[in-house]
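Line by line, the protein sequences give chains A and B.
Start counting the first sequence at 1; every next residue gets the next number (the UniProt record's numbering).
Start counting the second sequence at 1; every next residue gets the next number (the UniProt record's numbering).
It should be emphasised that the hints constitute simulated quantities derived from the structure, not laboratory data.
Hints should not be assumed to be uniformly reliable.
Unchecked claim - Short derived list, chain B residues pointing at chain A, Cβ under 7 angstroms:
(1) G40
(2) T46
(3) L143
(4) G235
(5) L248
(6) R273
Claimed, not checked - Cβ-to-Cβ under 10 angstroms is the rule here; a few derived chain B residues that face chain A:
(7) P117
(8) S171
(9) A236
(10) D238
(11) A305
On a predicted model such as this, the values are computed, not experimentally measured, just so you know.
A virtual CB, placed ideally from N, CA and C, is assigned to each residue, including glycine.
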Amino acid sequence: MTTYYSKDHEWVAVEGDVATIGITDFAQSQLGDVVFVELPDVGKTLAQGDEAAVVESVKAASEVYAPISGDVTEANDALVDAPAKVNEDPEGAAWFVKMTVSDKAELEDLMDEAAYKAFVESL
Amino acid sequence: MADPAASGQLLDTPLHDLHVELGARMVPFAGYDMPVQYEGILAEHTWTRESAGLFDVSHMGQAFLIGPDHETTAKALETIVPSAIATLKPGRIRYTVLLNGEGGIVDDLMVTRPAEPELDGRLFLVVNAARKDVDFPMIAAALPEGVRLEILDERALIALQGPKAAEVLASHVPGADEMGFMTSMDGAFDGIDVKLSRSGYTGEDGYEVSVAAGAAEALARALLSHDEVKPIGLGARDSLRLEAGLCLYGHDIDETTSPVESDITFVLQKSRREAADFPGAARILAEFNEGAVRKRVGFRLEGRAPAREGAEVLSADGARIGVLTSGGFAPTVGAPIAMGYVETGHAEDGTPVKIIVRGRELPARVSSMPFVEHRYYRKPA
Chain A
1 MTTYYSKDHE WVAVEGDVAT IGITDFAQSQ LGDVVFVELP DVGKTLAQGD EAAVVESVKA
61 ASEVYAPISG DVTEANDALV DAPAKVNEDP EGAAWFVKMT VSDKAELEDL MDEAAYKAFV
121 ESL
Chain B
1 MADPAASGQL LDTPLHDLHV ELGARMVPFA GYDMPVQYEG ILAEHTWTRE SAGLFDVSHM
61 GQAFLIGPDH ETTAKALETI VPSAIATLKP GRIRYTVLLN GEGGIVDDLM VTRPAEPELD
121 GRLFLVVNAA RKDVDFPMIA AALPEGVRLE ILDERALIAL QGPKAAEVLA SHVPGADEMG
181 FMTSMDGAFD GIDVKLSRSG YTGEDGYEVS VAAGAAEALA RALLSHDEVK PIGLGARDSL
241 RLEAGLCLYG HDIDETTSPV ESDITFVLQK SRREAADFPG AARILAEFNE GAVRKRVGFR
301 LEGRAPAREG AEVLSADGAR IGVLTSGGFA PTVGAPIAMG YVETGHAEDG TPVKIIVRGR
361 ELPARVSSMP FVEHRYYRKP A
């Protein structure tokens with residue numbers, strides 16, 4: 001499994017043809033207490049950069065963008081009832097969606113862990 | 001998702017270094033670099049409702065109106081506010097609004113008549129940070145000869161709010177726990193001169209302490225040394241006041257909204273309504289007597305999705321009837337709430353409405369406010 005990161009602070013873990021998408025620990029720390037998560041319907045086709053989900057903290061609403069193109073195969077409905085999981089385990093149990101990888105070349109637009117870490121430190 | 005770094009033009013309050021030391025996340029607010037949160041908005045909100053929270057509100061504008069006697073000073077202020085100030089008793093605080101000529105709200109503010117006889121002729125004013133530059137020139141321009149405005153730039157304002165505030169504060173200012181809500185006195189906090197008001201903007205019992213800037217950090221540290229007290233940021237201040245049904249200037253009230261539309265008619269004392277001698281009296285009294293076209297109301301949303309400022313409100317049959325002016329997740333309620341304006345015919349408690357969020361119609365109901373009962377201290381008779 002390889003994990004990639006976007007400049008919008010999403011992570012993408014790719015295993016075979018399945019990509020799992022979530023937001024990074026940095027993203028959740030910036031958002032603060034998450035109180036609402038809206039997920040896409042299974043089957044929805046997303047292009048890279050499309051709005052994939054919405055995450056709201058006490059203060060504000062933020063969009064989660066699809067870091068790659070593909071079809072949504074699964075949504076983590078547990079987050080809808082327990083949005084605080086996003087703060088507790090953003091890069092583990094609190095994944096947002098699983099999707100197909102329709103164009104592996106798009107992964108090259110993303111960062112690896114070391115590059116993302118450097119990116120966050122530069123902010 | 002990161003906020004862009006703010007410009008270097010921001011002002012600091014006397015507690016700025018303390019906020020940074022306590023690990024606050026600082027954000028620009030009304031021209032000041034202010035703490036939005038420390039450990040997290042939910043935890044800070046709940047802590048304030050259950051124990052006591054310390055808020056730095058030093059960005060707000062403090063000033064004295066100084067005249068020869070109470071009657072003269074109060075009458076000067078009454079030319080620009082609709083509340084009865086002349087009849088305010090010593091040591092009492094009144095919430096009121098500055099009005100423009102059309103009866104719109106220029107700002108909301110607290111007016112205190114000092115308890116001390118030697119301070120007779122003074123009124124202590126606290127106005128919103130973002131409105132200082134509008135309010136103070138407006139007030140100064142309204143004053144007759146013999147009454148002057150003294151802006152208190154060198155003072156901090158610290159709020160201590162929550163059910164444990166009284167016992168904590170009384171350990172530093174003896175007798176503070178016996179003050180009635182909306183009363184004020186000058187006192188000594190461990191030897192530091194303070195103007196102490198039993199008031200606040202969270203819906204909880206609490207105090208606001210005005211103190212010289214140089215003594216503010218020592219006072220804040222003394223309060224924070226109590227296990228019952230934690231520092232609270234602007235994020236929780238906003239969620240607390242929203243649950244309490246209290247207006248935030250520039251959002252829920254502004255120069256276009258009147259006190260009747262914004263449902264704060266308690267600022268219109270009967271003697272002033274009868275005299276009809278305040279700015280915009282014609283509009284305000286017509287609305288008071290016949291009803292305004294729109295009214296500020298609360299909303300409770302049925303799902304979990306928060307609706308925020310600017311969201312449109314539709315009637316059950318889909319007609320646009322209003323707009324939200326504040327909204328978000330309410331930690332103590334445990335659900336999303338909002339406030340906004342609707343056409344008066346739809347303002348009744350329980351009226352079903354739809355609120356548009358990201359193109360979707362969220363079911364909600366008009367709700368009376370506050371959303372969380374006020375727990376102000378009432379002095380035993």
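Item to check | Numbers of the earlier hints that this structure fails to satisfy, in rising order | outcome: 2, 3, 5, 6, 7 and 8
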